[in-house]
Amino acid sequence: MADAQFGSAAPLPQGGIDDVELYHPHSWLTKYVFSQDAKIIAIQYSMTAMAIGLVALVLSWLVRLQLGFPGLVSFIGPKEYYQLITMHGMIMVIYLLTALFLGGFGNYLIPLMLGARDMVFPYVNMLSYWIYLLAVLVLVASFFAPGGPTGAGWTLYPPQAILSGTPGQEWGIVLMLLSLILFIIGFTMGGVNYVVTVLQARAPGMTLMRMPLTIWGIFTATILALLAFPALFVGAVMMLLDRLLGTSFFMPAIIEAGQRLRYGGGSPILFQHLFWFFGHPEVYIVALPAFGIVSDLISTHARKNIFGYRMMVWAIVAIGALSFVVWAHHMYVSGMNPYFGFFFATTTLVIAIPTAIKVYNWVLTLWRGDIHLTLPMLFAIAFIVTFLNGGLTGLFLGNVVVDVPLSDTMFVVAHFHMVMGVAPILVIFGGIYHWYPKVTGRMLDERLGQLHFWATFLGAYAIFFPMHYLGLMGVPRRYFDIEGLSFATPSVATLNAFVSVVAFLVGAAQIAFLFNLAHSLRHGAPAGGNPWRATTLEWQTPQTPPPHGNWGPALPVVYRWAYDYSVPGAAQDFIPQNQPDIRPDRSPGPVAAPA
Amino acid sequence: MALVLVLIALGSIAFHLLSPWWWTPIASNWGYIDSTLIITFWITGFVFTAIVLFVAYCLVRFRHAPGRRAAYEPENRRLEGWLTGLTALGVAALLAPGLFVWNQFVRVPQNASEIEIVAQQWRWAYRLPGADGRLGASDIRHVSDENPLGLDPQDAAARDDLVIDADLHLPLGRPVKVLLRSTDVVHNFYVPEFRAKMDIIPGMVTYFWFTPTRTGTFDALCNEVCGTNHYAMRGRVVVEGEAAYSSWLREQTTFANFAGGGERGRRVARREAPPVR
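If you're matching them up, the sequences are chains A and B in order.
Each residue of the first sequence is one higher than the last, beginning at 1 in my numbering.
Each residue of the second sequence is one higher than the last, beginning at 1 in my numbering.
The shape of chain B in the complex, shown without the other chains (with noise of 0.2 Å):
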């Protein structure tokens, strides 16, 4: 059994630094979670080391032979009290820098565009402010074929905001204030090399925000159990530089102009579920 208990530690750790499984390589401006992920390894990691060791030493030292009799000792107020310190101490050097990066996460920087992303069952829409820099008004009273994101027709801020039904592209290097809505069930948006995620409530309006740093496409999947096709939700975002991404943005339609609203609509009354690539 203590050899056992050594080969589950040194092997754990050995897992731990051979296997070829590991984070994807960061795609935003959260490496601050990243370090906060490592500083957990180590401080459990030693942890888990330590204890297992010491029991598999306990087990050799301390095991049974005839005439062997154990100590009796209830208690250690001495030991007991500096094992609690010093395990407090532990959870505060993890708690530290946990909250003071999760200050981050909260604080939405000024500068931050809007987008708005829309989800149902079992695909992603997303909608970019137009020329005048904002979203319009949304109303799930207002969703039909030719409006299934539910746009407010009557509000000019809406009519000029951009529907797009395929992949999401995301200018390199500025932060993003990313809305979430659903119109039916409970999803989640997330992109694993972004690290960030929040689920989308219908009935609510949910955020969080993130810079992307890396240039590339990546895969965005629906992370909260939404029903039967949960697994096929996925999408795809685009990091690119500014000069792509202005020349994709003036090839979008604006919602006064959506023509493919109504069969996509139609698609979506139909349930079809997009194909699983």
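The following block holds chain A by itself, in its conformation from the complex (with noise of 0.2 Å):
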């Protein structure tokens, strides 16, 4: 590829690279491992991102063993108890739902969706790559620590989570601030490059509002992640100093164990108002590029266009913007100052408006659609399910006085695991039935697919639904063992075997999926170069899997949306987007796109 010819069409982009200034790797080290290519470097992201998230599905069943049958085994005690949610929880919403999203679907589709040969600054990306690893490997270290794995909860309140009456006070928290603090760096290298990427380097006629909205889910939810880890960041590092140099930014005076700390004059709120200000656009982090993939695995499948896609595109922007000022509704009863509560509560049911409109559209995309069940629309009609019910569950906790007797029950749990657990993790899978075509050439086994989806998607309704119902009732969230409490009645503990029992089976579905990516990768059907007959770019490369550098001598150019599916009087039902011409036969000549 070194004798670059560019396409004659159209010059190329401000910032674009050309195929000869990238650099092309030498060595089968240079290609796989310290690759610069941001589809390896996805693959790579994606590929960490599962493992580690294996261990928090193996922490989960733990989990449940204890509440489900409680005291069954003996190497569960209330420190262990607390190790596992903890790290659970940790690992479930940064190290694998971040990651994967912004990591693994952000670096593979950037670049191609956009019609750019890589991300802008490739050497960075791969740094990004390798920092996230060390974050993974030093959290990993913190289970074999002395001490073990901090227990101070996900949230890591202080003052608990520096003092010794909480699990993996010696060395567990301090490993986990460490390695949250690495994987911030580390994210940051990887989101800068999406930024500038989608600003940059999009191929000529890709003008932002014809970019698809997988796009403008992971680049909002990029620019989210920007501005709101810092304020983590901060939070770790003070911490941090808190733990090691008896610094006092979150530690009032303390007695602990009869015993006066040398503590003095800070502030444990504060904390929580930094965490949160993380915290809550994190949901959205998560959320948007699930709101972008499902929209355009809906319209692919269904073969139809996005249905009101400018107020979609709004839609994201609306979220991402409301998202950072709506962090205190986790904090209504934490003793702030209460009236704060009218604000939180009032922009917290606001962000349901532009939520609600995204939901109402992709149904509206369905009606009058030519609706294919392919596994990536099973998983998409799943999230909408799901979406919706954890979505609406989130209008009682965000409105203040229904949140008090709810906040930190079984309610709170099932919420957030029906809407930013499952409801995502949905949107995965989704996504992986959909690209790994591209990534690999070979099409995912349909009846295991199937097999996966059933057991996954009912699985997960049947744990968190009725969840809600615990929480009701008053079942407090961390809490080791029920036992005794009088308002609990036995059915409570029925329920809670119940559903301990359907989790085993969800998570031992996901071995079905495992083994489907492994033996697809040789054994799959060949896909060809566009399975699902989509419009955008990266159906459209002229080699699948594509190779560094995606395009071969000539950036594609773009003449349409991403969503000129069933369009009158083409001869097809998807025309895509570097196609001048309704009709495929005719050849390239300017026309005027649509908007």
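Hints were generated in silico from the structure; no laboratory data involved.
Each hint should be verified, as a subset may be incorrect.
As the list claims (entries may be wrong) - Here are the computed distance ranges between Cβ atoms for each label pair:
(1) A:Ser27 with B:Pro66: 45 to 53 Å
(2) B:Ala71 with A:Phe340: 34 to 42 Å
(3) B:Ala71 with A:Asp481: 55 to 63 Å
(4) A:Ser74 with B:Ala157: 50 to 58 Å
(5) B:Asp34 with A:Tyr123: 56 to 64 Å
(6) B:Phe41 with A:Ser486: 21 to 29 Å
(7) B:Ser247 with A:Asp481: 31 to 39 Å
(8) A:Leu54 with B:Gly173: 51 to 59 Å
(9) A:Val317 with B:Leu79: 17 to 25 Å
What the hints assert, rightly or not - Below, a sample of chain A positions facing chain B; criterion: calculated Cβ distance under 7 Å:
(10) Phe342
(11) Pro490
(12) Ser491
Stated by the list, open to error - Where chain A lies over chain B, by a calculated footprint (3+ residues, C-beta under 8 Å):
(13) 19-26
(14) 56-69
(15) 94-101
(16) 112-119
(17) 195-203
The C-beta atom is built at its ideal place from N, Cα and C for all residues, glycine as well.
The task is to assemble the complex, starting from two chains supplied on their own in separate frames and drawing on the hints.
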């Protein structure tokens, strides 16, 4: 590819990378390990995230073992229980969901969907992955450190996070904070890349308002992350200083086990503000890429343009902006000034409006469509159901006074698992079934996929829907044992056992998925370049899987938006974004592209 | 798939109506909270059922068949406008009662009597005002084996305060303002039957209020993770009539006469976790 010839249709956009300028790998090591190719980095991110995600899955099994069958195994005591829930939560939110959506899907799809050759800063992109891997390794190291990992709860509230009454005070919390700091450094390197690539390296003709919603979701989520993670960074650094050097950023005067500690004057609630200033946007850092991806899955597999594209874009932007002014709805009963409740309840419920618009538009895209119930489509529909359910229970918790009895009960656990656990993970699965053919050139097995889908979707719903009612009853979260609670009837134990059994089954169903990923790599049916007959650019690459540089000698030129499905008068039911005329047999010519 | 979605919608409603898991009978004035919750159930339940059934309908009606082609309709401003408007209306219908009740939650009635709950890993202690009707000064500097709550021994108002190291008793029908104090980490005082709860932050005093409306004995839980024995940090609140309450009150000791402090303090220093019941 050294003799690059560029397309004559349009000049390169400013900042676009010429193929000859790319650093092409010279050895196996630089091609597959220290790779600067965003696609390889995407696969590295995804595999690491899924590996650590499997750890989190096993942890959740152990949590459910204790909750469903208290005392059945002797190796889970209260100390271990709190370590399990803490590590499960932190891994899932940060090291799996954030890394997989942005590092995985972001790296793979941004250059390909925008018609770029690679990320704008490939070397920094490579560093981003290796620092992420280091962060994961530091996290894993805490399992083997003296005292074990921290059991402070994933929210890491001081003072307890760094005091001796909490498991993992010796090493666990220190490694946890260090790992978070590393993760944020690594993420920032990737995040800068995603934003700059979207702004600078789009193919000719790819205006912002022609971008697929997947890219809008990832782009906006990355901006949120770049603005929100620094708050967590600051919190982590300060808490680390409190723990190691005895400063008192978050530590007031404390009597611990009868002894006065040498802390004083700090504010525990300040940490909570910093944490949730990050923590709430984090929800949308996970949700917005899922919103974007699911829009494209629904549109492609319903053979219909996404309904209300412009509204969808503005909804993403509005949700992103509003997500920065709702954080204290996690703190209604934190002891902050109660008058904050009026403001944060209002902003929180207002955010439901753009979110509802998105749900309506997904559903209206199905209306009068040509619905193919492929695996990606099944996962997309399952996402709509679970996200709708989780979003609506958010209206309970966001409405300050309703939150008062429900906060920190199993209702909250059920809500956030449904809305930011189950729903985004269903999108991740849908996305993998959708793009695996492009990544590998082969289809995933349909029958294994069906098994995986039905077990995961129905199982997850059966786990988390009934759980809300335990919280309504008053069953608190983060309780190692609810033995002795007078209001918890024996039927609560029955329900807990049922939930645990279903959770074991759902976890086991993931084996079918992993086997499918490995098996189809060699034995899957050949996919061809565009098996779903999709419009977006990643399906129009000259080769599948696309090589380094993606496009061969000439960058694609974009003539239309990403959703020209079933256009009246067109020969086929889809028109690729880089096709100038609606009739594919016509030679490319100057055509006024519809907006 | 469509059939499954219909079953999910109807099954969820059936579960909601038939399941044995529901809130505990209320024992405070916060019936308004329950009402707001019910309104929320109605509105969200309606939206959930409607949308899931609509999706199910689409899956049947517009499923792929040979020769079928999707419609081409990028936008429909009118429809989008209507849906936005209706959603805003629904949100307002949730928010208005919510904020109305919150306005009561944040305004403590003038006649509320003050009590104090002091949390520490992993037990509860309580303080009631003495004969002077007010709680005296306290500071964490004063905490010792003999003075686990850190009351100011120089303050006359503190010396007559009642220090309670067992179940908390409350008189029926009188509003209480609960002041919350922690000597170590963040805790939360939660009695499900009262609905109200609040975090307890070391270094500051937080509060909430309620009026007990039903006699009985209720479990109090710590509801903010506070370390290894968080799940075992439980207490008990007894709500009783005026006569029973007065006789209980007479049996309580003042801070000045608090004899059990030493033994209790030493127990705490050894960090004996309370027994799990």
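Outcome of the hint check:
{"no.": "1", "hint": "A:Ser27 with B:Pro66: 45 to 53 Å", "verdict": "51 Å, holds"}
{"no.": "2", "hint": "B:Ala71 with A:Phe340: 34 to 42 Å", "verdict": "47 Å, violated"}
{"no.": "3", "hint": "B:Ala71 with A:Asp481: 55 to 63 Å", "verdict": "56 Å, holds"}
{"no.": "4", "hint": "A:Ser74 with B:Ala157: 50 to 58 Å", "verdict": "51 Å, holds"}
{"no.": "5", "hint": "B:Asp34 with A:Tyr123: 56 to 64 Å", "verdict": "59 Å, holds"}
{"no.": "6", "hint": "B:Phe41 with A:Ser486: 21 to 29 Å", "verdict": "25 Å, holds"}
{"no.": "7", "hint": "B:Ser247 with A:Asp481: 31 to 39 Å", "verdict": "35 Å, holds"}
{"no.": "8", "hint": "A:Leu54 with B:Gly173: 51 to 59 Å", "verdict": "56 Å, holds"}
{"no.": "9", "hint": "A:Val317 with B:Leu79: 17 to 25 Å", "verdict": "21 Å, holds"}
{"no.": "10", "hint": "Phe342", "verdict": "6 Å, holds"}
{"no.": "11", "hint": "Pro490", "verdict": "10 Å, violated"}
{"no.": "12", "hint": "Ser491", "verdict": "5 Å, holds"}
{"no.": "13", "hint": "19-26", "verdict": "holds (count 6)"}
{"no.": "14", "hint": "56-69", "verdict": "holds (count 7)"}
{"no.": "15", "hint": "94-101", "verdict": "holds (count 5)"}
{"no.": "16", "hint": "112-119", "verdict": "violated (count 0)"}
{"no.": "17", "hint": "195-203", "verdict": "holds (count 9)"}
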